[in-house]
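For the sequence shown, the numbering used here assigns the number 380 to the last residue and increments by one with no breaks.
Since the hints were derived computationally from the structure, they do not count as laboratory data.
Computed from a prediction, not measured in an experiment: that's the story for all the values here.
Where hints are given, some of them may not hold.
[To be verified] Listed next, with one range per pair, are the computed distances between beta-carbon atoms:
#, residue 1, residue 2, range
1, Ile90, Lys158, 44 to 52 angstroms
2, Glu211, Ile90, 54 to 62 angstroms
3, Trp120, Pro345, 57 to 65 angstroms
4, Arg200, Gly321, 17 to 25 angstroms
[Said to hold, decoys possible] Restricting the straight-line Cα-Cα distance to at most 25 angstroms, the calculated cross-link-like pairs of lysine-lysine (BS3-like) are:
#, residue 1, residue 2
5, Lys342, Lys287
6, Lys339, Lys312
7, Lys80, Lys131
8, Lys334, Lys282
9, Lys339, Lys287
10, Lys121, Lys80
11, Lys68, Lys156
12, Lys65, Lys215
13, Lys342, Lys318
14, Lys80, Lys139
15, Lys131, Lys84
16, Lys147, Lys80
17, Lys65, Lys139
18, Lys131, Lys147
19, Lys121, Lys156
20, Lys318, Lys282
21, Lys109, Lys65
22, Lys312, Lys265
23, Lys265, Lys215
24, Lys109, Lys158
25, Lys139, Lys158
Built from N, CA and C at the ideal position, the CB exists for glycine as well.
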Amino acid sequence: MENTAGNGKKPQYKDPKNIAIALLVLIAVVMGFFLLRDEMPAKGPEKAAEQPASSGSVSVVEVKFDKEDNSFADIIFNKPVGKDDTGEILGRDPATITPPVNGSWQWKSPNVLTFQASWKFNMATDYRIKLNPENFLKSGETLGGKTEFSIRTDKFKVVKASVSEEPVPDERNTVTLNGTVDFNYPVDPNILARKISLREVGGDGKGPKEVPVKLITEYWHNTMRWRSGPLEKAAGERTFELVIVGDLTPTEGNVTLGDDFIEKITLGSKDNLAVRSAEPKSVYPKSSMTIGFSSFVSPEFASDYISVEPKAVYTVKRVGNDLVLTGDFVPGKKYNLKIAKDMPALDDAVLREEFTKEIQFANLDPSIEFESPGMFLDS
Numbered sequence: 002m003e004n005t006a007g008n009g010k011k012p013q014y015k016d017p018k019n020i021a022i023a024l025l026v027l028i029a030v031v032m033g034f035f036l037l038r039d040e041m042p043a044k045g046p047e048k049a050a051e052q053p054a055s056s057g058s059v060s061v062v063e064v065k066f067d068k069e070d071n072s073f074a075d076i077i078f079n080k081p082v083g084k085d086d087t088g089e090i091l092g093r094d095p096a097t098i099t100p101p102v103n104g105s106w107q108w109k110s111p112n113v114l115t116f117q118a119s120w121k122f123n124m125a126t127d128y129r130i131k132l133n134p135e136n137f138l139k140s141g142e143t144l145g146g147k148t149e150f151s152i153r154t155d156k157f158k159v160v161k162a163s164v165s166e167e168p169v170p171d172e173r174n175t176v177t178l179n180g181t182v183d184f185n186y187p188v189d190p191n192i193l194a195r196k197i198s199l200r201e202v203g204g205d206g207k208g209p210k211e212v213p214v215k216l217i218t219e220y221w222h223n224t225m226r227w228r229s230g231p232l233e234k235a236a237g238e239r240t241f242e243l244v245i246v247g248d249l250t251p252t253e254g255n256v257t258l259g260d261d262f263i264e265k266i267t268l269g270s271k272d273n274l275a276v277r278s279a280e281p282k283s284v285y286p287k288s289s290m291t292i293g294f295s296s297f298v299s300p301e302f303a304s305d306y307i308s309v310e311p312k313a314v315y316t317v318k319r320v321g322n323d324l325v326l327t328g329d330f331v332p333g334k335k336y337n338l339k340i341a342k343d344m345p346a347l348d349d350a351v352l353r354e355e356f357t358k359e360i361q362f363a364n365l366d367p368s369i370e371f372e373s374p375g376m377f378l379d380s
């Protein structure tokens, strides 16, 4: 047998390089194990959740709500539970609905339990359905899985908000803001009055400044009208925010707006007139062009400063801070709008630079219009 100690060579397992390599391999294996363990899914709960229900258990597969008419809700089970003769109204409620809804429970089919409201579920309302298994399960059956479910009939939201200015009589460069807020469901003005505010932002750098605001609408309605106190125009634009607190709910619902609704409002300069928009509208037989300004503009004065190419015959009407040009604009055609420099507003503001914009009228959708209502022919 060869003596390794006498041949001048160290055993391989004592070589420092081999020892270092072995340690690195061991560290890599240990780290790999922990990384894989962190990324592995929790097999226990998943497996338990995926296990098929025992032969005697019942579970809910789906809860369907009638979004179209808000009149019924279906609870679909994984197996037949009800009697074969469907349509029977149940005496004991198989589930409890909160907030309460008048109506009745019955089996639509052996595995579909339905609640039919006497009228309808309230709009923009969150409901909770809690099953009462003791009132509908057969002997030996058990209820597994979820026993409580939530349904929302619809969300509550602001559809649109609009603002216009109204001059304050005998006060130069002073206006009130008149606005409307359209909700998708009626609102109680007594509650909204505590949730709505108008504030000025920016300016002196001292933070938002509250501005008095009053609700004009005094009854439940989708559209709420409001008016501000007098606001004086300054040399520069002033910025305001209309705020509606997000916990507002409709009169017959419990779903809130969610986030605060904030509408930015810009009050124009008393010195500089600005053109804020110029939008076409194709309508038969006469189309129109609406020009939005930062201040009131007289239709009579404006006619001397506004021109359209190609030429078109139109009338000019003022609606708030807008001028509406209505005439023989051709749908599908382009026009060049020009507003000359120095056009005055009804306050002290003046247009400092010429305004130009290319206006594209959309094509009309196909339609039929009869010359007369015709006559009814009796058979």
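So if I understand the rule, the pair passes when the alpha-carbon distance is 25 angstroms or less; does Lys342 with Lys287 pass? This hinted pair is violated, its Cα atoms lying about 28 angstroms apart.
For the pair supplied as a hint, Lys147 and Lys80, is the alpha-carbon distance within the 25 angstroms limit? holds, 15 angstroms
Given the proposed pairing of Lys139 with Lys158, does the C-alpha separation stay at or below 25 angstroms? Violated, at roughly 44 angstroms.
Does Lys139 sit within 25 angstroms of Lys65, going by the straight-line distance between their CA atoms? holds, 23 angstroms
Please work out if Lys65 and Lys215 have their alpha carbons no farther apart than 25 angstroms. This hinted pair is violated, its Cα atoms lying about 43 angstroms apart.
Run the distance test for Lys109 versus Lys65: straight-line Cα separation, threshold 25 angstroms. holds, 13 angstroms
Has the hinted range 54 to 62 angstroms been met by the Cβ atoms of Glu211 and Ile90? holds, 56 angstroms
Satisfaction of hint between Lys318 and Lys342, Cα-Cα up to 25 angstroms: holds, 20 angstroms
Hinted pair, alpha-carbon criterion (25 angstroms max): Lys339, Lys287. Please report holds or violated. The given pair, whose Cα atoms are some 21 angstroms apart, holds under the 25 angstroms limit.
Is the Cα-Cα distance between Lys265 and Lys215 25 angstroms or less? Holds, because 18 angstroms separates the two Cα atoms, which is no more than 25 angstroms.
Need the status of pair Lys339, Lys312: alpha-carbon distance at most 25 angstroms? holds, 12 angstroms
Range first: 17 to 25 angstroms. Now tell me if the beta carbons of Arg200 and Gly321 are that far apart. Roughly 22 angstroms apart at Cβ, these two residues keep to the hinted range, so it holds.
Hints 1, 5, 10, 12, 22, 24, 25 from the earlier list are contradicted by this structure; the remaining hints agree with it.
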